[in-house]
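Note that UniProt numbering numbers the sequence shown so that position 10 is 10, with each residue one more than the last.
Since the hints were made in silico from the structure, they are not lab data.
One or more hints might be untrue.
Here are the simulated DMTMM-like cross-link-like pairs (lysine to aspartate or glutamate), alpha carbons at most 20 Å apart as the crow flies [what the hints assert, rightly or not]:
hint : residue 1 : residue 2
1    : Lys8      : Glu24
2    : Lys40     : Glu13
3    : Lys43     : Glu13
4    : Lys33     : Glu13
5    : Lys40     : Glu61
6    : Lys43     : Asp31
7    : Lys4      : Glu24
8    : Lys40     : Glu24
9    : Lys32     : Glu61
10   : Lys20     : Asp31
Each pair of labels, with its calculated beta carbon distance range [claimed, not checked]:
hint : residue 1 : residue 2 : range
11   : Ser23     : Ile49     : 23 to 33 Å
12   : Lys3      : Arg36     : 42 to 52 Å
13   : Lys20     : Ala65     : 13 to 23 Å
14   : Asn37     : Gln9      : 39 to 49 Å
15   : Leu10     : Lys33     : 19 to 29 Å
16   : Lys43     : Arg66     : 27 to 37 Å
17   : Gln19     : Pro63     : 44 to 54 Å
18   : Glu61     : Leu29     : 46 to 56 Å
The beta carbon of each residue, even a glycine, is placed where N, CA and C say it ideally should be.
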Amino acid sequence: MAKKQTKKQLQAEVALTLQKTFSEFKDQLSDKKFNRNIRKASKIILTGIKLAKPTNNKIKEKPAARANKRTTAKATPPKVKESIEATE
Numbered sequence: 001m002a003k004k005q006t007k008k009q010l011q012a013e014v015a016l017t018l019q020k021t022f023s024e025f026k027d028q029l030s031d032k033k034f035n036r037n038i039r040k041a042s043k044i045i046l047t048g049i050k051l052a053k054p055t056n057n058k059i060k061e062k063p064a065a066r067a068n069k070r071t072t073a074k075a076t077p078p079k080v081k082e083s084i085e086a087t088e
C-alpha cells in the first residue's frame, strides 16, 4: 500500500517537476521570480486535489461513565381501572 502524502509534500514534488520541465525559462527570469512562479503554478494545480489529513495513531479512550446522582422515586404499583360492571 502506498504511503499517503500530505498536501505540502505533493506540492513540493509538483514544484520540482515543473522546475525540471521549464528549466529553459530560468535563464530568461531571475531565480526569485522563477521560483515564485513555480510555487504559484504548483499551488494552482493542486487546488482541486483533496488529500487525507495526517492522523494520529493514538487511540482515544472514552472517559469513564458518570454515576447517576439523581434519586429515583419509589415505584408505585400501576393503577388498575375497574370496569363499570364490577362497580354495579
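To see whether the hints hold, each was checked on the structure:
1. Simply put, lysine 8 and glutamate 24 have alpha-carbon atoms about 25 Å apart, too far for the 20 Å limit, and the pair is violated.
2. For a cut-off of 20 Å, the pair hint linking lysine 40 to glutamate 13 stands: about 13 Å separates their Cα positions.
3. Note on lysine 43 and glutamate 13: the hinted pairing holds, with a Cα-Cα distance of about 11 Å set against a maximum of 20 Å.
4. Pair hint lysine 33 plus glutamate 13 holds up; C-alpha atoms about 19 Å apart against a cutoff of 20 Å.
5. For the given pair, lysine 40 sits about 42 Å from glutamate 61 by alpha-carbon distance, which is inconsistent with the 20 Å threshold.
6. At most 20 Å may separate the alpha-carbon atoms for a hinted pair to count; lysine 43 and aspartate 31 meet this at roughly 18 Å.
7. At roughly 32 Å between alpha-carbon atoms, lysine 4 and glutamate 24 are farther apart than 20 Å, so this suggested pair is violated.
8. Among the hinted pairs, lysine 40 with glutamate 24 is consistent with the structure: their alpha-carbon atoms are about 18 Å apart, no more than 20 Å.
9. About 49 Å separates the Cα atoms of lysine 32 and glutamate 61, which puts this hinted pair outside 20 Å; it is violated.
10. For the hint linking lysine 20 to aspartate 31, the alpha-carbon distance of about 14 Å falls within 20 Å, and the restraint holds.
11. Between serine 23 and isoleucine 49 the Cβ separation comes to about 25 Å, which falls inside the hinted range of 23 to 33 Å.
12. For the hinted restraint 42 to 52 Å between lysine 3 and arginine 36, the CB-CB distance of approximately 29 Å leaves it violated.
13. Range check, lysine 20 to alanine 65: about 59 Å between beta-carbon atoms, so the 13 to 23 Å window is missed.
14. Distance hint check for asparagine 37 and glutamine 9: the Cβ-Cβ separation is about 21 Å, which falls outside the suggested range of 39 to 49 Å.
15. For the pair leucine 10 and lysine 33, the beta carbons lie near 24 Å from each other, so the given range of 19 to 29 Å is met.
16. Our hint of 27 to 37 Å for lysine 43 and arginine 66 is violated, since their Cβ atoms are close to 48 Å apart.
17. One distance hint, 44 to 54 Å for the beta-carbon pair glutamine 19 and proline 63, holds here, with the actual separation near 50 Å.
18. The hint said 46 to 56 Å for the Cβ distance between glutamate 61 and leucine 29, and at roughly 55 Å that hint holds.
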